[in-house]
Amino acid sequence: MKQLIVFIKKEFLQVFRDKQSLLMLFGLPIAQIVLFGFALSNEVKNSKIVVADYSKDVITTQIISKIASGKYFDIEQSLQSANQLQAAFKKGTIKMAVIFPANFAVDLLHTNKASIQIIADASDPNVATTVTNYITQIINDYNVQLGLSSAQPLQIVPEVQMMYNPELRGAPNFIPGVMALVLMLVCTMMTSVAIVKEKELGTMEILLVSPFKPLYIIIAKLTPNLLISIVNFFIIILLSYVFLDLQVKGSLLLLTFCSILFILTSLSIGLLISISAQTQQAAMMGSLMGMMLPTMLLTGFLFPVENMPVALQWLANFVPSRWYFIIVKQVMLKGLGITSVWKETLILLGMCVGLFAISLKKFKIRLQ
Amino acid sequence: MQPVIITEKLTKRFGNFIAANELTFEVYKGEIFGFLGANGAGKTTAMRMLCGLLTPSSGKATIAGFDVYKQTEKIKQKIGYMSQKFSLYDDLTVSENIRFYAGIYGMSYQQIRDKTKELLEELQLQSEAKTLVRELPLGWKQKLAFSVSIAHDPDIVFLDEPTGGVDPVARRQFWDLIYHAADRGVTIFVTTHYMDEAEYCNRVSIMVDGVIVALDSPSNLKKKYAAANMEDVFYELARKATRKGD
Numbered sequence: 000m001k002q003l004i005v006f007i008k009k010e011f012l013q014v015f016r017d018k019q020s021l022l023m024l025f026g027l028p029i030a031q032i033v034l035f036g037f038a039l040s041n042e043v044k045n046s047k048i049v050v051a052d053y054s055k056d057v058i059t060t061q062i063i064s065k066i067a068s069g070k071y072f073d074i075e076q077s078l079q080s081a082n083q084l085q086a087a088f089k090k091g092t093i094k095m096a097v098i099f100p101a102n103f104a105v106d107l108l109h110t111n112k113a114s115i116q117i118i119a120d121a122s123d124p125n126v127a128t129t130v131t132n133y134i135t136q137i138i139n140d141y142n143v144q145l146g147l148s149s150a151q152p153l154q155i156v157p158e159v160q161m162m163y164n165p166e167l168r169g170a171p172n173f174i175p176g177v178m179a180l181v182l183m184l185v186c187t188m189m190t191s192v193a194i195v196k197e198k199e200l201g202t203m204e205i206l207l208v209s210p211f212k213p214l215y216i217i218i219a220k221l222t223p224n225l226l227i228s229i230v231n232f233f234i235i236i237l238l239s240y241v242f243l244d245l246q247v248k249g250s251l252l253l254l255t256f257c258s259i260l261f262i263l264t265s266l267s268i269g270l271l272i273s274i275s276a277q278t279q280q281a282a283m284m285g286s287l288m289g290m291m292l293p294t295m296l297l298t299g300f301l302f303p304v305e306n307m308p309v310a311l312q313w314l315a316n317f318v319p320s321r322w323y324f325i326i327v328k329q330v331m332l333k334g335l336g337i338t339s340v341w342k343e344t345l346i347l348l349g350m351c352v353g354l355f356a357i358s359l360k361k362f363k364i365r366l367q
Numbered sequence: 000m001q002p003v004i005i006t007e008k009l010t011k012r013f014g015n016f017i018a019a020n021e022l023t024f025e026v027y028k029g030e031i032f033g034f035l036g037a038n039g040a041g042k043t044t045a046m047r048m049l050c051g052l053l054t055p056s057s058g059k060a061t062i063a064g065f066d067v068y069k070q071t072e073k074i075k076q077k078i079g080y081m082s083q084k085f086s087l088y089d090d091l092t093v094s095e096n097i098r099f100y101a102g103i104y105g106m107s108y109q110q111i112r113d114k115t116k117e118l119l120e121e122l123q124l125q126s127e128a129k130t131l132v133r134e135l136p137l138g139w140k141q142k143l144a145f146s147v148s149i150a151h152d153p154d155i156v157f158l159d160e161p162t163g164g165v166d167p168v169a170r171r172q173f174w175d176l177i178y179h180a181a182d183r184g185v186t187i188f189v190t191t192h193y194m195d196e197a198e199y200c201n202r203v204s205i206m207v208d209g210v211i212v213a214l215d216s217p218s219n220l221k222k223k224y225a226a227a228n229m230e231d232v233f234y235e236l237a238r239k240a241t242r243k244g245d
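Going down the list, the protein sequences come from chains U and W. Residue 89 in numbering that gives the first Met the number 0 sits at position 90 of the first sequence; the count goes up by one each step and never skips. Residue 28 in numbering that gives the first Met the number 0 sits at position 29 of the second sequence; the count goes up by one each step and never skips.
Chain U with its partners taken away, still in its complex shape:
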């Protein structure tokens, strides 16, 4: 036992002395969160719009202030004529125009019907769809607020309800993916490189000649990576809470447990890579190419697995991050408990035990 502690201590010393890998260990999750959480989000914030109000009554004023108060729109200016509207679009700075016709409130109260004209700059169709969705949502909200349930809708709007992400926020979709990606990459890469490094240096032979047990070598190599990855997990949770306003809706304990399971699975994969790789570069490439691509493509956070060809869907079942991704989504975003993720958890547990057993068996006491 004391021998093991000596070894683990040495592993920590080496990890903390290597500034480059430290930067990667803790920089990677932060960079990914920033990248996926902010930069690569598909939500459109602070779009500049113009408003033309020909009615200027209580209702239009209320709607405009509601539009202005949200984080999605900045009202650039209020227009008086159609000419100004053309000019504003041509400049390319505004995404949308909202026009209230004259006698808006009067029409609404007497005929139960009024319409708002919404013109979006559809040169970027994705943005246009998104901003029009936002605005119809706001108007619908106001509709309900007015209590005009018997009235005709102000505009023909499909009853779209975005479950769990009513504002089409980007973060909820990306964070579980980022978690899977970061944990997978860090674990497999650090583990495989740490072991192959000993092989390359020739220190592995010394360890194998010593009475130190091979199982202990594995445990000592995995311990720092396990702890660092757990810290990484909490960093991601914290970052998404503080900066992306995304909190864990379900049980944090369950999420942590499943994450440790996933971390252990990734560590076992790293162990397997280290057994076949002879150089640190090979281990690094194996982890990057062998793990990053399947994790990115087959996990389901960039492309839905359900839409893939059957062969790929079948293949995706062997990617551990696919199951972890589902667990995180269910527990973190939807607040569901173990009853709805037990199947995924069992699959992950099976993968973890299986992979660890294989790598343990392959990690030979004797060099052959």
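Possibly wrong hints are sitting among the right ones.
Part of the chain W face toward chain U, derived, beta carbon under 8 angstroms [to be verified]: (1) C50; (2) K75; (3) Q76; (4) S86; (5) Y88; (6) D90; (7) L91; (8) E95; (9) G102; (10) I103; (11) Y104; (12) G105; (13) L124; (14) R183.
Please keep in mind that the hints were generated in silico from the structure rather than gathered at the bench. Quick reminder that beta carbons are idealized off the backbone N, C-alpha and C, glycines included.
Knowing the structure of chain U, use the given hints to seat chain W on it.
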């Protein structure tokens, strides 16, 4: 004289290739035993079998009284090993390396502390205790690696080309350490390519194509082959090799 390594027809096959063929020899306590041979002659394979890194295909061998098939864990406690690859962690300091290797051999904290102090004094490295090993000159590293390999007081230490790439002065100093250890009763089993080092050994064996073709003291071998030095003896025997080096 008490034998600490006994082998009888020890053989290792890799498929059809016989890397080490029926090796039979004894090494005595406190002896410096030179294990010579050209590249690919089977030296490393033989040494790995003796250290428990490779299972022999057939034959018998006991190391410090323990069987190489069944008692490898006991053997590991009794031997030290230094490979031709540099075997210290270069991102750890001198004293961290000593503490680590002493630690994995199960020494107590008190013993580790004493040993670290003793080794640093012996190697006159006290001022470098907190220096990263990668910053030391190669000769110092080799001396440190040797001292670390015998830090747990093994009966036998296996040295696989320990002085490769080291300058003559550092090599001479390295051999002083080896003599010192042998005087204390540690058996030294060493492979080398330097024939001047072969002269320093009590006895040498010469391997050609997986077979031991000569085993005696350097002076007897020189007499037998009517050679002026070990270089000529080695050349006389090794040129008969048909295998290519690796």
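Checked hints:
no.	hint	result
1	C50	holds, 5 angstroms
2	K75	holds, 4 angstroms
3	Q76	holds, 5 angstroms
4	S86	holds, 5 angstroms
5	Y88	holds, 6 angstroms
6	D90	holds, 5 angstroms
7	L91	holds, 6 angstroms
8	E95	holds, 6 angstroms
9	G102	holds, 3 angstroms
10	I103	holds, 4 angstroms
11	Y104	holds, 6 angstroms
12	G105	holds, 5 angstroms
13	L124	violated, 19 angstroms
14	R183	violated, 21 angstroms
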